[in-house]
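By the numbering used here, the letter at position 14 of the sequence shown is numbered 14, and the numbering carries on one by one without gaps.
No lab work stands behind these hints, which were simulated from the structure alone.
Among the hints, a few may not be true.
Simulated DEER-style distance windows between Cβ atoms [claimed, not checked]: (1) Asp85 / Arg45: 20 to 30 Å; (2) Leu54 / Asp77: 17 to 27 Å; (3) Ala104 / Ser41: 17 to 27 Å; (4) Leu95 / Leu53: 42 to 52 Å.
Pairs of lysine to aspartate or glutamate residues, derived as DMTMM-like cross-links and limited to a Cα-Cα distance of at most 20 Å, are as follows [unchecked claim]: (5) Lys7 / Glu32; (6) Lys7 / Glu55; (7) Lys7 / Asp36.
Computed from a predicted structure; not experimentally measured.
A virtual CB, placed ideally from N, CA and C, is assigned to each residue, including glycine.
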Amino acid sequence: GGTGAAKFDLSFNLAESFTGAGEPAGISGGIEFATDVFDRSTIERMAGWLTRLLEQVLADPQRPVSRARILEDIELDQVLKGWNDTHRATPGAVLPVLFEEQVARTP
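Please take these sequences and the hints and turn them into a complete structure.
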């Protein structure tokens, strides 16, 4: 049991384990976080991202980390379509006409 107070807002602790013969046996770890900064569901999502990243890096060590896909399809859709929906209607006129209209409104 811990003290209930995280030393840092967020820390990851990972350790590689080995068999008795010295062969790699996996990676285990934990996440410590300040509950006044993060909620459990956020940390669980981060843990999922880290797990997917590590799985991809270990499966193909030659692949650049930048090519790893850590977001699930629904998360990627939210980022690309939901949060990135910046489309705004634009005036149909060209700049000189818009300028003239503005001058007429506020000479």
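Can you give the numbers of the hints that this structure goes against, from lowest to highest?
-> Numbers 3 and 6, in rising order.
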